[in-house]
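For reference, the chains in residue letters:
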Amino acid sequence: MKKVLFASTALIATASVAAAEVNFSGYGRFGIGYVEDRVNVTGATTTASGAIVPTTADSDDAILVSRFRLNIDANVETDGGVEFSGRVRLQADEDSSTGEANSAGLNGARFSVIYGGLRVDAGNVAGAFDNLANYYGNEVGLELFAGQYSGVNYNFLAYSSTGSGANAVFFQYAVGDFAFGASYDQRTFFPGGGVTTDADRWDVSATYTFNNITAAVAYGQTDASGAGSDPSLTVLTLGGEWGDFGGTLFVADDATEVTATDGTAWGLSASYNLGAATTLLFTYGDGNADADLQQVAIGAIYDLGGGASLRGGLGVNDCDVCSDSTMVADFGAQFNF
Amino acid sequence: MKKVLFASTALIATASVAAAEVNFSGYGRFGIGYVEDRVNVTGATTTASGAIVPTTADSDDAILVSRFRLNIDANVETDGGVEFSGRVRLQADEDSSTGEANSAGLNGARFSVIYGGLRVDAGNVAGAFDNLANYYGNEVGLELFAGQYSGVNYNFLAYSSTGSGANAVFFQYAVGDFAFGASYDQRTFFPGGGVTTDADRWDVSATYTFNNITAAVAYGQTDASGAGSDPSLTVLTLGGEWGDFGGTLFVADDATEVTATDGTAWGLSASYNLGAATTLLFTYGDGNADADLQQVAIGAIYDLGGGASLRGGLGVNDCDVCSDSTMVADFGAQFNF
Amino acid sequence: MKKVLFASTALIATASVAAAEVNFSGYGRFGIGYVEDRVNVTGATTTASGAIVPTTADSDDAILVSRFRLNIDANVETDGGVEFSGRVRLQADEDSSTGEANSAGLNGARFSVIYGGLRVDAGNVAGAFDNLANYYGNEVGLELFAGQYSGVNYNFLAYSSTGSGANAVFFQYAVGDFAFGASYDQRTFFPGGGVTTDADRWDVSATYTFNNITAAVAYGQTDASGAGSDPSLTVLTLGGEWGDFGGTLFVADDATEVTATDGTAWGLSASYNLGAATTLLFTYGDGNADADLQQVAIGAIYDLGGGASLRGGLGVNDCDVCSDSTMVADFGAQFNF
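Protein sequence lines correspond, in order, to chains B, S and H.
This note's numbering applies: residue 1 is where the first sequence begins, and numbers increase by one.
This note's numbering applies: residue 1001 is where the second sequence begins, and numbers increase by one.
This note's numbering applies: residue 2001 is where the third sequence begins, and numbers increase by one.
Heads up, a few of these hints could be off.
If you anchor each label on the Cβ, the simulated ranges turn out as follows [to be verified]:
{"#": "1", "chain 1": "B", "residue 1": "Ala158", "chain 2": "S", "residue 2": "Asp1061", "range": "22 to 28 Å"}
{"#": "2", "chain 1": "B", "residue 1": "Phe180", "chain 2": "H", "residue 2": "Ala2158", "range": "49 to 55 Å"}
{"#": "3", "chain 1": "S", "residue 1": "Asp1061", "chain 2": "B", "residue 2": "Gly226", "range": "19 to 25 Å"}
{"#": "4", "chain 1": "S", "residue 1": "Ser1325", "chain 2": "B", "residue 2": "Asp253", "range": "48 to 54 Å"}
Listed next, the stretches of chain H that the computed footprint assigns to chain B, with coverage defined by at least 3 CB atoms under 8 Å from CB atoms of chain B [what the hints assert, rightly or not]:
{"#": "5", "region": "2074 to 2082"}
{"#": "6", "region": "2107 to 2113"}
{"#": "7", "region": "2192 to 2201"}
Source of the hints: derived by calculation from the structure; they are not laboratory data.
A virtual CB, placed ideally from N, CA and C, is assigned to each residue, including glycine.
Pulled out of the complex, with its shape left as it was, chain B reads as follows:
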């Protein structure tokens, strides 16, 4: 059997002459993931009072975790220098509830037009929050299981790696030290009975970079279709780098119009390069609402060269109304291609 080998470094040199091309990139990662008292929801029962109680079965706390991600990108450039591109992602993950594997799947397509500092995305797009500088900060662990945003409950427009995602539009414009973003998702639900419910979402952002510091602010809201006030989210982030040290700050006003999760959310994260190959990571996220998720985690990355690295993390998840905290940890290898 002849193998068709596609050499990456060799071909990059010839890419500049190509009018149309298909690119493949992505990463694989695998290792051990631990979640304290991991359970699998296998069904639900209804009590005499009408409450629905999920039936759970114990899973193994330590399971084999993995992800294979392949981005399929197609690009063309017009005579006038406008770039058109499309992306579909192929991804396989383990089933974290059962510890068994899932088959790989394909997500919804994203389309882009890029010209100078202007970028327009359509389809399965990331919105202004999902694209916001330092929103995610330094996430921790092989699986990025903890982040500074953990207290946020607003459901913003995000790129879906394993589903169809939204069918929305995102605009981005960069000029000098400033960048602006905005998205609009004409979302429609069909609850049945001939009813159509609009749940349109929009968000906007502004980003300013001065020296080694980046500040960003974003606001978004969702049409509640007359059912009360429109849920909204406001986020302010700060991020900077000083030599081997990097840090981010995060503050959000999370107005989901649900008492248990409404309020202020905050967090921070840090990274430190310890020598040539090791990076230490820390993240903390929290919120003042009863059900806001609090995450504290430390982690490390050890670079093996060639795009491969060993990664791991250790953290605790908790909330004010949670009966107990949950310890989370993972360790494994990641290779980017």
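Chains S and H: place on chain B using the hints.
Structure of chains S and H alone, referenced to chain B:
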């Protein structure tokens, strides 16, 4: 993250030395699609008299339409010069009923053997109608929403881009100015209760090209399994090019054995190159049966170079028993790779 | 439409300079498959005594069979010479019950770390049996419909080409003429009602090659979770090549803890190169349990060059308690890429 870039033009030069290769091609398109009074069927109710009435909910008339299509082709050539190839298509489309996106999917595989003027396809194949010269003519719009064949209701063997398709065989032989095609689909239904229903389909075609004109005729029929006469279709097409002008004519005898759609169908289409980059398109399709779909549409394509173009169309769908006509329009960009 | 051609032989020369790469390989095959009295199970009925009887409908005995298989492999090599790789397989097959086609699908991902003679696989892996030298021997037919292992009923850890597979680990170590393998599958079932059932599987193997002969032995067992004895399997294989002749021997102790299938299974296979392009194949498999499947088959492969070949086989399936034997045959083309 290193990106694996595959340069198309650079590699074409080396393809002649390859015994086995995997090719990627396709297109992306996205834009705005408008359908007057677009609805989504969300269920069905049964009236007191037993009639089943679909429940529909209003959708947005104007939605974001898109398609990402990637053909995965594998080819080998034997020492004797026989080419074997296989194709699977990866495609993502918007959901035109709801205005939301669908995840990308894979279709059924098609296999081919090619030697000289002879080609045999097996699996998810296009039959003699689907391969017929000028059957589709100049379809109009970013989404090709209108065509000269609109009055035809016969369900012929066609390539499926998003499903498994048929498991059939197609033969094509070209000699000089003549080409012949034939297909056979050994189709079987299992309605349950241990019953097996044969619904085999076959079709044949002949094509003759003289100077700048191509004439083609095709006939096909489907086994009704003893339930009345076998449905059949006869099609005659003519197509020609005169400088910047191209046109097609279409006549069909549509014998679906259903009164509301049986009869003659006809249509025509035209294209005109207006300057170096713009092409104008027109198409018209109709039939004499009460439920035959009539389509009239005009459109344009503006070439941006590099495989990219702007495309749009405007048309009206109607039929004799339709309560009202429906306006359809779209506009957007397409890029081929 | 520009086609992106990836030349295999031309690019292999450049692969050594690449740190990260995505490879595509696989095969296509298509032809005619015959199964005597082929049926499709369309449902089931329950008799008055409570027995469940499947409802079957006749299918065509001779159908169009096909497979398109594309392996997507991503590889990186660290500075220290450790290779990390991930594989997802895209595969489309015909539906052998109905004679219709299936759409292509993606399977679960497999991850590998390779360093010197050591290999560790994780995810959708093949276990020690599935990787055992000469376990499958010379399988016969375009579809490899018969093999020497036919009397084995133990369900060992195997790579899944069309499903998610297991989420397991496989180790392999080769040193000189010896090779050792072992796998562990932390398998969990959730039958509902909050119950968790462990069904862990493990297996080990040893292989020794002396001159032109390879001997291999493997043992594996599955945790019965307290429900009786643990099912197990012991396999011994021998394989050798003498010029144009190759042969394998197979003996297994199949302890599935099910009376109808427990006992000894045995088989053998042979291949003979008849001239430069033709290979003749024979296989026989059987067991002493009442329900053990007996397979006898002969086949041939004719090499067309360039990775393409014509293949076919003819065989008979039977068992002690089967009401009748079943003739099986196929013929078609395969092309590797």
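* Indices of hints not satisfied (ascending) -> none
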